[in-house]
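Quick note, the sequences are listed as chains B and S, same order. Using our numbering, read the first sequence as starting at 102 and increasing by one per residue. Using our numbering, read the second sequence as starting at 102 and increasing by one per residue.
Worth double-checking, as some hints may not be accurate.
A pair counts as met if it fits within one copy or between any two copies, since identical chains are not told apart.
[As the list claims (entries may be wrong)] Straight-line alpha carbon distances no greater than 20 Å define the calculated SDA-like cross-link-like pairs of lysine to any residue that follow:
(1) LYS404 with ASN310
(2) LYS293 with GLU328
(3) LYS275 with SER129
(4) LYS327 with PRO385
What the hints contain is simulated information worked out from the structure, not anything from laboratory work. In this text the structure is predicted, and so the values were computed from the model without any measurement.
Residue strings, one per chain:
Number of protein chains: 2
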Amino acid sequence: MYVAQPIEWTDRGVVMLDQRRLPAEEISYTYTDYREIAKAIREMVIRGAPAIGVAAAMGVALGVLHSAAKSVDALRSELSEICDKQGMVEEAKQVHLEKKATDESIGRFGAEFMPREGQVMTQCNAGALATGGIGTALGVIRVAFEQGRKLHVLVPETRPYLQGARLTAWELHKGGIPLTLITDNMVGHFLKTGKVGAIVTGADRIAANGDTANKIGTYQIAVLAKENSVPFYIAAPVSTFDLSIPDGGHIPIEERSAGEVTHLQGVRIAPDVHAAHPAFDVTPAKYIAAIFTERGVARAPYKESLRALAEMSQQHLASRG
Amino acid sequence: MYVAQPIEWTDRGVVMLDQRRLPAEEISYTYTDYREIAKAIREMVIRGAPAIGVAAAMGVALGVLHSAAKSVDALRSELSEICDKQGMVEEAKQVHLEKKATDESIGRFGAEFMPREGQVMTQCNAGALATGGIGTALGVIRVAFEQGRKLHVLVPETRPYLQGARLTAWELHKGGIPLTLITDNMVGHFLKTGKVGAIVTGADRIAANGDTANKIGTYQIAVLAKENSVPFYIAAPVSTFDLSIPDGGHIPIEERSAGEVTHLQGVRIAPDVHAAHPAFDVTPAKYIAAIFTERGVARAPYKESLRALAEMSQQHLASRG
Chain B
102 MYVAQPIEWT DRGVVMLDQR RLPAEEISYT YTDYREIAKA IREMVIRGAP
152 AIGVAAAMGV ALGVLHSAAK SVDALRSELS EICDKQGMVE EAKQVHLEKK
202 ATDESIGRFG AEFMPREGQV MTQCNAGALA TGGIGTALGV IRVAFEQGRK
252 LHVLVPETRP YLQGARLTAW ELHKGGIPLT LITDNMVGHF LKTGKVGAIV
302 TGADRIAANG DTANKIGTYQ IAVLAKENSV PFYIAAPVST FDLSIPDGGH
352 IPIEERSAGE VTHLQGVRIA PDVHAAHPAF DVTPAKYIAA IFTERGVARA
402 PYKESLRALA EMSQQHLASR G
Chain S
102 MYVAQPIEWT DRGVVMLDQR RLPAEEISYT YTDYREIAKA IREMVIRGAP
152 AIGVAAAMGV ALGVLHSAAK SVDALRSELS EICDKQGMVE EAKQVHLEKK
202 ATDESIGRFG AEFMPREGQV MTQCNAGALA TGGIGTALGV IRVAFEQGRK
252 LHVLVPETRP YLQGARLTAW ELHKGGIPLT LITDNMVGHF LKTGKVGAIV
302 TGADRIAANG DTANKIGTYQ IAVLAKENSV PFYIAAPVST FDLSIPDGGH
352 IPIEERSAGE VTHLQGVRIA PDVHAAHPAF DVTPAKYIAA IFTERGVARA
402 PYKESLRALA EMSQQHLASR G
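Isolated chain B, as found in the complex:
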């Protein structure tokens, strides 16, 4: 099955798919300068927290490889923590491989919670384009589909940046998984009238009590799921846990450009008025039926279950060290 490759390390350089131009055009760039990578991240050529992490690692590797530093000492003083160039490249490749393994593990744990057949829903794009693997939330759907579950995916478009319409719809379409694209204000109607068996989304950050920050719109989908007795799940790697944050009230919400609300792909769709653009919202843990991670499945009470998974992760890392 087709899995989108948002980023790849090649002999020619770092190859990145331009996600801003999807689905209209499938264009890739080859970067050989770390400053180009930084620019690509800023301009959202690549997106999704895990994929951005991969890009940043590859960018540092490029920077070291092509550094203009006159001496190794000069380079070492710039990047004192890096032992050698080849090691950094390997590290970047390794990060990518680990992301892939993480996604596949999340997918296997989560797939068990998907219905045998019928509709499921996701939000934004927590797919291959966002992670560099098979995706987190979309990875769950993908594994379940490959297991033979007859799923049909409802995809809210996810304004203002349209990650659902542009990226998730494109990934599912490419992967041969049936879908129906809807606008964000149709979610409630389909949960009330349709037979939706499960909802699964990604996460940007998960607090110690299970409150989850994710793309704007996630909170209201979770509320509508509860009201209509549809289980709402989060699929995310343990690295998104932030157990130093007690609850969602302490997660700051990034405010992005209001121009993305008043304009769509450069076309003005509203008069010159004030607009708001909180990029994320916080879904309280009480709306979350379970959290799928690469180490297993967390359930309420999350304070205990998340800590147990986080410690399992640390033991794993310690045994590798």
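For this one, chain B is given, so just place chain S on it according to the hints.
Just chain S now, with coordinates in the frame of chain B:
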């Protein structure tokens, strides 16, 4: 204060503001042929159930005025229920005046329920552009604002047709009422974190038990309002009551073109995938705190309160007859 005129009967013909081009351009057409009016309604030059009613009445009046029927008998056989041409024109003007009076009355009843200051929210466009008067839901906000209430209106853009972004934002901006435009998936976030005092929307059809069909997205706003203890109101004329329908389960939902979901103002925003476009949804009465009409305010149990208002209306009509 500026009140948009979506349609007007003039000596030159029926003048209609092209709502599809708002807010980018303010263009009006003058129609002298009823077939042009029919086409304008089909193509959504004008929208909103009350305004479409006004347009239809004016269209019939034009048709009679400019009929090519060779004889009055021929015309009468076409339109046997019409007594004379001038009467029809007067009737069309009268319908328009009544719509205006209706809106103003709804506005006065509903304004009492608006907060003295702070944020309120609406949905879609139930404003002057939709009714030909001051609007229903926006009429409530307008009257409250004119009473000196310091309101700030949160306006969800209302995909796919963007009536909120294009029309409601434009009307409020023109009227000097402060607003913030948001995308439809931000509604929950603002209800949870903001201090929203009330929500008021229009209605397409209200069943005997109070279940209300309105623009897609209304249902989920009502659920999110309940979850966050924000009162959710409907503002609509008694003519939207359909007491022959026992409940919302019997209201058919119109499915419109999926192309409006996959495209935005002619620009493709999604790959060539299946998309759904239910134009309306049904909000169960249990989410509705009150219904503002031109005859007064209905509260639960709606079966009794709606019937009482409907009968009041009939008595009023009988006393006029």
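Okay, the hints, checked on the actual structure:
1. Taking the shortest alpha-carbon separations for LYS404 and ASN310, only the intra-copy value of 5 Å comes in at or below 20 Å, while the best inter-copy value is 44 Å.
2. Within a single copy, LYS293 and GLU328 get their C-alpha atoms as close as 9 Å, and across copies as close as 16 Å, so both meet the 20 Å cut-off.
3. Proximity of LYS275 to SER129 under the C-alpha cut-off of 20 Å is restricted to the intra-copy arrangement: shortest distance 17 Å within a copy versus 45 Å between copies.
4. Taking CA atoms no more than 20 Å apart as the test, LYS327 paired with PRO385 passes in both settings, with 12 Å inside one copy and 16 Å between copies.
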